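**Student:** Please model the complete structure; the sequences and the hints are all you need to start from.
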Amino acid sequence: MEIKDKIIVRNDFSDTPGARYKSDGPNSGELFLELLLTEKFNNAVIGNYKLLIDLDGVWGYPSSFVSGSFGKLSVDNGAEKVLKHIEFKSDENSIRLENILKEIKNPKKKDQ
Amino acid sequence: MSKKEKNKKYHKIRSVYQAKRRTKKWKERKRKALLQKKQGFVAKQKYMTKPYTNHKAPEDMSFIDNTDEVLEYFNDAKKLFKDKEKVEFDIKDISNLTPDTITLMIAKLKDVSYTRKGEFKGEAPKEPKLRKLFMESGFYNFVATSRQNKEKTKNLLHKEADYKVRPNIAKQACLFGMKHALGRTAPFEPLYEILVECMQNTNNHASANDEEKLKWWMFVYNCEDTNTSKYSFLDLGVGIFESIIVKNYITKFAKKLGAVPNTHFVQDLLNGNIQSRIDKDNEIRGKGIPQIVAHSSFDEFAKFQIITNDVKIDLKNKTHVKLKNSLSGTFYYWEIKNVA
Chain A
31 MEIKDKIIVR
41 NDFSDTPGAR
51 YKSDGPNSGE
61 LFLELLLTEK
71 FNNAVIGNYK
81 LLIDLDGVWG
91 YPSSFVSGSF
101 GKLSVDNGAE
111 KVLKHIEFKS
121 DENSIRLENI
131 LKEIKNPKKK
141 DQ
Chain B
13 MSKKEKNKKY
23 HKIRSVYQAK
33 RRTKKWKERK
43 RKALLQKKQG
53 FVAKQKYMTK
63 PYTNHKAPED
73 MSFIDNTDEV
83 LEYFNDAKKL
93 FKDKEKVEFD
103 IKDISNLTPD
113 TITLMIAKLK
123 DVSYTRKGEF
133 KGEAPKEPKL
143 RKLFMESGFY
153 NFVATSRQNK
163 EKTKNLLHKE
173 ADYKVRPNIA
183 KQACLFGMKH
193 ALGRTAPFEP
203 LYEILVECMQ
213 NTNNHASAND
223 EEKLKWWMFV
233 YNCEDTNTSK
243 YSFLDLGVGI
253 FESIIVKNYI
263 TKFAKKLGAV
273 PNTHFVQDLL
283 NGNIQSRIDK
293 DNEIRGKGIP
303 QIVAHSSFDE
313 FAKFQIITND
323 VKIDLKNKTH
333 VKLKNSLSGT
343 FYYWEIKNVA
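Protein chains in written order, with the numbering used here: chain A, 31 to 142; chain B, 13 to 352.
One should not assume that every hint holds.
Here are the simulated DSS-like cross-link-like pairs (lysine-lysine), alpha carbons at most 27 Å apart as the crow flies [claimed, not checked]: (1) A:Lys-52 to B:Lys-227; (2) A:Lys-119 to B:Lys-183; (3) B:Lys-133 to B:Lys-183.
In case anyone wonders, no lab produced these hints; they're calculated from the structure. Here the structure is a predicted model, which is why all the values come from computation and not from measurement.
**Tutor:** Listed below in structure tokens is the structure:
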């Protein structure tokens with residue numbers, strides 16, 4: 031499947047991902063989901079292409095942010111569909127990528 | 013309504029009010045109010061002239077190492093405030109003081125539910141090294157003091173009153189410690205993620221009745237002697253084991269097993285097994301503490317402890333102890349050092 035769209039987290043959102051909900055503070059997972067992720071993901075599903083998400087250049091991905099964005103997207107749409115239409119890029123840190131993929135595949139599991 | 017009718021209505025309302033003022037009940041109420049006002053004034057005058065109660069600190073004022081004694085000291089001071097005493101925090105002669113204690117002290121003194129708006133005073137320790145630590149901590153930026161005390165602040169002491177999570181403050185705290193201890197400015201993700209999760213947890217552990225947002229305190233102290241950065245993070249909420257989520261979990265067990273100490277639930281807490289059944293998105297929550305636990309194993313973290321209610325957890329040694337005294341809130345402490 032061809033990649034036709036992308037999100038560079040540090041440029042398009044922030045280099046300091048924050049809390050779970052918007053009410054918790056700036057740069058939340060919920061804000062990321064509403065502002066960018068849901069729309070771009072839905073467009074990728076409709077257009078049958080892949081969305082590339084570049085994870086590099088940020089200070090970290092707190093678990094609350096990850097579950098409030100990628101975890102929520104997975105709960106709402108199913109892991110298979112999410113992974114079919116989203117590809118991640120993380121040259122700096124493979125553990126971060128593994129954690130996000132783990133969250134998508136099993137958003138309800140709490141094992142690290 | 014004509015002017016005459018308006019006038020008539022006004023006089024009617026006025027006469028009803030005047031009649032009320034002549035009743036026995038009204039006069040009695042006014043008399044009592046005046047008496048109370050006088051008594052309040054007298055009590056205030058009495059309080060103003062009252063001497064301070066000297067509250068001598070234990071010699072070892074290290075919260076992280078001498079936890080029970082330091083907690084007892086602050087819990088006793090709370091009782092003094094409750095008894096309407098003016099408190100002198102006497103730390104002049106202490107022989108040990110660590111940055112974590114300064115965090116606890118300032119957070120307590122700025123908490124109205126702790127001081128009950130009572131007066132307090134104190135002086136910096138006499139011992140030169142401890143005095144330097146105290147003066148440079150930024151403590152004096154948060155209390156009323158003479159101008160000269162406010163001058164030297166070399167560390168990062170932050171009080172948050174608005175948001176739970178402040179990503180920019182987390183980044184600033186990372187940079188502040190990393191430059192000193194790790195000698196770099198490139199992101200060290202575990203440190204940033206731990207800071208955000210500590211902030212995020214301040215809200216998670218509030219009691220159900222606590223509508224107001226919790227304040228948290230963070231202190232980053234760069235120690236020149238050991239080349240480490242010491243992080244203290246404190247929220248004065250109800251503490252993890254007194255939070256509604258954990259309390260419900262414990263109650264469920266208590267029904268089967270009888271009273272069980274909080275220490276019994278430490279492993280479940282660290283593994284993220286304790287979760288709410290009523291919170292929004294409860295199924296995907298509860299990964300914050302497991303993330304902190306996982307990150308604490310990095311070699312860069314020289315020490316990592318959590319103190320909450322009557323439990324002290326050492327994440328590096330994977331041990332925990334029951335405390336004699338209790339902290340109402342949650343305290344995280346860690347040190348970072350260069351391992352390269």
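**Student:** Provide an ascending list of the numbers of those earlier hints which the structure does not satisfy.
**Tutor:** Those not satisfied come down to hint 3.
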